[in-house]
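Chemist: Sequence:
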Amino acid sequence: MCVTKDKSFSNTDRFLELLWGLYASDKPIYYEVFCLNDKGKKIIEFFKGIEAPEKATKWLERNFKRLAKGKYHVYFGILPRVRKPEKGRGTAKDVEMGMWLWGDLDFKQSLEKLEEAPVPEESKKVALEKGYWYEEKEDYGLVGIYRSGNKWVYVSRPRLSEVLEEVREKLGIEPTIVVDSGAGYHLYFKLKYEIEASRLRRLEEKIVDILKADPQSKDLARVLRLPGSINPRLNREVKVIQFTDSEIDPEELEKNLLTTKKTTVEYVGVSRLRELGEEEILKIVEAVAKAYRPGWRQSICLFLSGWCAKAKIDPVSVAKIIKLLYEKTGDTDPLKMRLSTIVYSYKKANLWSEDVKERFETLLDMWGLGRVSGLESAISEEVVKGKSGLQEIFEQVIGEEQALETIRNLETILGVASPFRDSIFEILDYEKQLYAVANLRRLVVVRAKREGNTIRYKERVTVGAPTKVTVYVNPLGGLTKYEVLWETTTRPKPLIIGPAPIEDIYDRLKAEGLIIHHRLARDVLNAIIEGYIRKGRAEIREEIESPGFYLVNEKIATVRWELKDVSKEELKEALEFLNELAKWYGSVIERFSLIIKWGIISPFAYVYKQKKKWIPWLYLYGVSGTGKTTLGKIVLNIWGLSVRNEKSGSSIDTVARLGHVLSQTTFPTLINEPGGAIYKEDIVEVMKSGIESTVARGKYVRGTYTEIPSLSPLIMTSNRALPRDDALIRRLIVLRFSYSEKHPEDKIKEFEVKVKPQFGKLSAIGYYVAKRITEKPELLEEEWNSLATKLLEEMYREVGLEVPEWIRKEYIAEENIYEDIREAIRVFLVKRINEEYSRFVGKVIIEKYEEGEEHLARSDVDFEDRVKIVLENKLLPWAILRKDTIIITSAFASDLKSIIGDIGGLRSIAELLGWEYQKSVKIGKRVLAAIRVNIRDFLGFLSPETT
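At position 725 of the sequence shown the residue is numbered 725 (this note's numbering), and the sequence of numbers has no breaks.
Keep in mind the hints are simulated off the structure, nothing from the lab. Keep in mind it's a predicted model, so treat the numbers as computed, not measured. Note that beta-carbon positions come from the ideal geometry of N, C-alpha and C, so glycine has one too. Be careful, since some hints might not be right.
[To be verified] When the alpha-carbon atoms are kept at most 30 Å apart in a straight line, the in silico DSS-like pairs for lysine-lysine are as follows:
1) K48 x K239
2) K27 x K749
3) K310 x K348
4) K218 x K55
5) K151 x K42
6) K84 x K647
7) K218 x K754
8) K493 x K555
9) K125 x K87
10) K612 x K481
11) K113 x K39
12) K481 x K493
13) K130 x K41
14) K87 x K747
[What the hints assert, rightly or not] Cβ-Cβ distance ranges computed for the label pairs, FRET-style:
15) G924 x D507: 53 to 59 Å
16) D106 x R359: 20 to 26 Å
17) S786 x S738: 25 to 31 Å
18) Q433 x D106: 58 to 64 Å
19) D507 x S786: 42 to 48 Å
20) E169 x E782: 33 to 39 Å
21) E685 x S587: 22 to 28 Å
22) S738 x E512: 48 to 54 Å
23) M337 x E554: 55 to 61 Å
24) Q433 x D365: 44 to 50 Å
25) R359 x I516: 18 to 24 Å
26) R168 x Y457: 27 to 33 Å
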């Protein structure tokens, strides 16, 4: 683990980039800075989006003197807010996601009198004069006293190393960032990915309880002191004092914290450790000896033992290496001090078991060095502070070319890459001895050649290098994906690319301008990632990436979503609120009932498809102000989903974007105003496939056909757009909302203020449904609508409520969708006839038997005569007039496709309009399929008022 202290992360902007800069959302997200002084004066600022860290830092710099003069305490909101409160700071309800946990550790004691403080008399005099006094101790220890109202507060903060040791013992993890809050420590723990607020809250509560941290910090809207500001209590700067690159897997943390009372450490036995042969030991000694010189020896021992621990080498073998180095080079410091690095490294790697200790002590006894007890306390990471690994030391002692060859030799012998920021090697050409090299210290990827005992760089391939690689293997099948952390010396912060195929990672690097040698880049990048994997440096995750529910080995697997037991009180409150919502939607109660039923089963739509069944998607359209989008949000809130599951139409307006949305989760996604997307033929085809199939689309990646899964069912809402494609319509539940169902403005405002803030209660319903179905997967054998009805009835009975009538309401699909298609065809024909008539007809001569000819302007001719003129003059190429019958050919269906989509060809059009379809009609010398319609019926369809 790489550790830096003090200066590297004392910068406020960099700190906020770490805390705030990792979130992405289609919706605006806000970050809070909150200032408060002892007189109760408040300053509240919200900063929006990706520029928030920079803007907040500039704001602090502009106002620093004013804040310090006014003795303001400056705090920042740790987690992003999904909405900006109209007044005040907002609450935990404004937090829907996060990827940080924290602990606020105080070390203070309230005293009635200053005399009670265990500090020197001189210090008390200073405290009386200034209102505070403090003395900084070793390793960030602190003693101080400050006035608080009529009392005094005594601060006695222990050394940081002691606190971190206790954290490791209690939690089994280390904080990513430690902040000196001016009096205490603020610990920040970074998660590997963001999780929803409910999971975050449970983990935060557990961490606070275990660490006995400030209980108020359990609040997800919590604010803590902002580094770069001044804590007026002791008049000390708030600053970052430690940063590590550690990340925590939320699922593993949940297992440790939520399923056990105390986190236990699993130690590795001797059987899982590899003993090195004599030849291997001698090769390592030979490789390292030339750099094992005074001033570097303890550092080399520490890094080498850490690398061996990573490779799971028996510590007895490591002791033999260090002893041989010691003797070969005439080392004069105590051998026991050198060996202390082994105990330290193996304990840190959780590899120090009783049997390992026993074998190690036997060796020490044989060498006349005594026992292990107290040995680990002799080591301190201060000896390697500021060093990135063995390579950096070797380069300073023996030069870069020999250093690279030494690292390559060690990598070959130990079988794993260095866990430090040493180079990664992978062979490209055995005959020519060409290597792909990722130099993690200089942050560069090169192609290099081995010449004798040196490695010489040939071509620089990329700017920057991958400093972390995670491999995702999907147990459901599909292409392996990779996530890389790509760091450069010129960019302010690293890029996180993926999870994605290697080819996509290459494309991203190319788009970022980080590829220098295009001919070599693909091969070298493949080799480096393979080197990470083969040498144990990559993290391998065999898991499904996308949150939701899956059928795996005939059981329902829950991925990245927390199953939670809900109390009867919580469920009852949710169901009573659902009844209240039913009253609000009383005028459309059948549609409300159907949407709620669809909503509680929709996250299992993918499982239905795995079982060769399918659930239609929802399409809500009609007048604005009828609550369509709100109904979609109600469904999302049943599952506690954030704004990330709510998208605009632009997010699905290409096949690639639609495929991305469908592949992100099995939970439903709300699409507001799909717009023209539902008229694009390629989009429609993907939708039709995605509703019924587990696959949304396929594409070739690096010559391999890869299937993009269709996981998420869609709820689409629109004020104007309606699908035209009949095959798509048959796969949707289309619900129309008319003008008469529009809610008055005052009712909408009342709903927004009184009802909408309570949506969070509904999540208890989702938790109940998930638990029932995961415990009893055979429930999904039942048709979804029927299952939803049974589950709802079961819930109401479970909590002692009467089953409401609205649950049994059935929505009968109206014919209005096809009526809209008929109307679209009618409008098309009327418009086309008028256009052809106006284009080709000037004055019209009408013959009258008694009066002779009458000349009329074309605008004076009624519509029936216009139709006859257009047909008689054959101005519509697909319409042929035969006496009182019109013959319509298949070209008519082609012209209509852009208006109504593909509804099944000419035959479907004939059936829709009630006209006769004939498979063979002779037209000239050809026999064609055609529609036959009487001219009176045709006119009646075009102008219903004339019939």
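Chemist: Each hint needs a verdict: does it hold in this structure or not?
Modeler: Evaluation of the provided hints:
1. K48 x K239: holds (24 Å)
2. K27 x K749: Holds, at about 22 Å.
3. K310 x K348: holds (10 Å)
4. K218 x K55: Holds, at roughly 27 Å.
5. K151 x K42: Satisfied, since the Cα-Cα distance of roughly 24 Å is no more than 30 Å.
6. K84 x K647: holds (19 Å)
7. K218 x K754: holds (27 Å)
8. K493 x K555: violated (42 Å)
9. K125 x K87: violated (44 Å)
10. K612 x K481: holds (27 Å)
11. K113 x K39: holds (23 Å)
12. K481 x K493: holds (23 Å)
13. K130 x K41: Distance ~22 Å between K130 and K41 Cα, so the pair holds.
14. K87 x K747: holds (22 Å)
15. G924 x D507: 53 to 59 Å: holds (55 Å)
16. D106 x R359: 20 to 26 Å: violated (44 Å)
17. S786 x S738: 25 to 31 Å: holds (29 Å)
18. Q433 x D106: 58 to 64 Å: Given about 59 Å between the Cβ atoms, the range holds.
19. D507 x S786: 42 to 48 Å: holds (47 Å)
20. E169 x E782: 33 to 39 Å: violated (50 Å)
21. E685 x S587: 22 to 28 Å: violated (36 Å)
22. S738 x E512: 48 to 54 Å: holds (51 Å)
23. M337 x E554: 55 to 61 Å: The hint (55 to 61 Å, Cβ to Cβ) holds, given that M337 and E554 are roughly 58 Å apart.
24. Q433 x D365: 44 to 50 Å: holds (45 Å)
25. R359 x I516: 18 to 24 Å: Since R359 and I516 have Cβ atoms about 50 Å apart, the given range 18 to 24 Å is violated.
26. R168 x Y457: 27 to 33 Å: violated (40 Å)
In summary, the numbered hints that this structure violates are 8, 9, 16, 20, 21, 25 and 26.
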